[in-house]
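Work the whole structure out from these sequences, hints included.
First to last, the protein sequences are chains U and S. So for the first sequence, the working numbering puts the first residue at 1; every next one is plus one. So for the second sequence, the working numbering puts the first residue at 153; every next one is plus one.
Treat each hint with caution, since some may be false.
Chain S is faced by these chain U residues, among others (derived, beta-carbon under 10 Å) [to be verified]: (1) Leu13; (2) Gly17; (3) Phe20; (4) His28; (5) Leu49; (6) Asn65; (7) Val67; (8) Arg100; (9) Glu101; (10) Lys122; (11) Tyr144; (12) Pro151.
Since the hints were derived computationally from the structure, they do not count as laboratory data. In this text, a Cβ means the ideal position worked out from N, Cα and C, and glycines have one as well.
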Amino acid sequence: MESLLQIGVFLLLLGAGYFFGRRAEARHYRSIRAGEDRLRHILVLTDRLPPPGMLQDRPCMVNGNVVISVDFFKTIVAGLRNLVGGNISAYESLLDRARREAILRMQQEAADLGARAVINMKFETSRISGSAGSAVGAVEVLAYGTALVAPR
Amino acid sequence: MTILPGSIPPDRHFPYRQPGNRSISAPEKTGMLITNIEVIPNTRVLKHLGLVQGSTVRAKHAGRDIMASIKNIFGGELVSYTELLQESREEAVKRMKEQAAAIGANAVINVRFSTSAIAAGASEILAYGTAVLVEEH
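Right, dumping it as structure tokens:
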């Protein structure tokens with residue numbers, strides 16, 4: 001009886017993770033695409049020097065960060081995938097979302113400053129371990145760069 | 153272009169970035185220029201003053217850790233951690249700026265960030281760069 005209850009709770013968490021996690025992911029991707037359309041006018045480059053035509057601009061550092069948590073379903077899928085090896089697509093989409101969201105927040109900060117480009121953009125990723133020990137609890141992605149604000 | 157405090161409406165998508173708490177390196181606050189490029193357009197470096205750095209170690213209180221572990225079931229953004237890390241980064245940059253100001257710099261170039269999780273629920277944020285004295289041509 002007790003083991004049945006445990007299996008029940010496990011399946012409930014799995015179902016909740018699948019349902020809410022998928023919904024959250026779909027909603028997040030919609031908001032990312034909308035944000036990318038809105039902020040497309042802010043160029044983001046990894047070049048270390050300003051492009052020609054922006055050499056008179058005032059630089060100011062901008063950053064954007066986001067912490068995204070995994071859901072229970074992804075944790076289990078990744079655990080199973082670990083046994084056989086291969087792409088863990090559950091984590092790939094998590095990091096993809098986090099990177100794109102971090103860039104968007106950086107672009108938003110640049111847009112607030114009135115900038116037209118962000119150069120020397122860099123990423124920094126770190127793992128935030130939850131209370132569950134060694135499992136990946138959440139990832140933080142930071143995107144930072146130098147915004148170029150057009151001279152008055 | 154000058155940014156007046158309060159001229160930026162709070163954004164639904166960026167709730168933690170309220171007006172007044174907007175940029176970690178806005179030069180209008182301290183007069184110190186912070187960039188992560190090596191050459192600042194339109195300026196000339198008069199003097200290199202060496203490495204400056206600032207770091208913070210922060211942890212979240214247990215209530216938020218519990219909230220985070222609930223989020224680990226359902227997925228989604230951990231807004232409280234996003235805020236925590238953003239605040240820590242602001243603090244690290246502030247300390248770096250203070251160190252730079254103390255040695256007579258007016259800009260910090262080639263700034264980098266580094267993050268490391270030193271214990272469960274606590275992380276260290278480091279900001280470092282080269283302090284320089286620059287002059288506009």
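Here is what the structure says about each hint:
| no. | hint | verdict |
| --- | --- | --- |
| 1 | Leu13 | holds (6 Å) |
| 2 | Gly17 | holds (6 Å) |
| 3 | Phe20 | holds (4 Å) |
| 4 | His28 | holds (8 Å) |
| 5 | Leu49 | holds (7 Å) |
| 6 | Asn65 | holds (6 Å) |
| 7 | Val67 | holds (4 Å) |
| 8 | Arg100 | violated (13 Å) |
| 9 | Glu101 | holds (8 Å) |
| 10 | Lys122 | holds (7 Å) |
| 11 | Tyr144 | holds (6 Å) |
| 12 | Pro151 | holds (9 Å) |
In this structure, only the earlier hint numbered 8 is contradicted, and the remaining ones agree with it.
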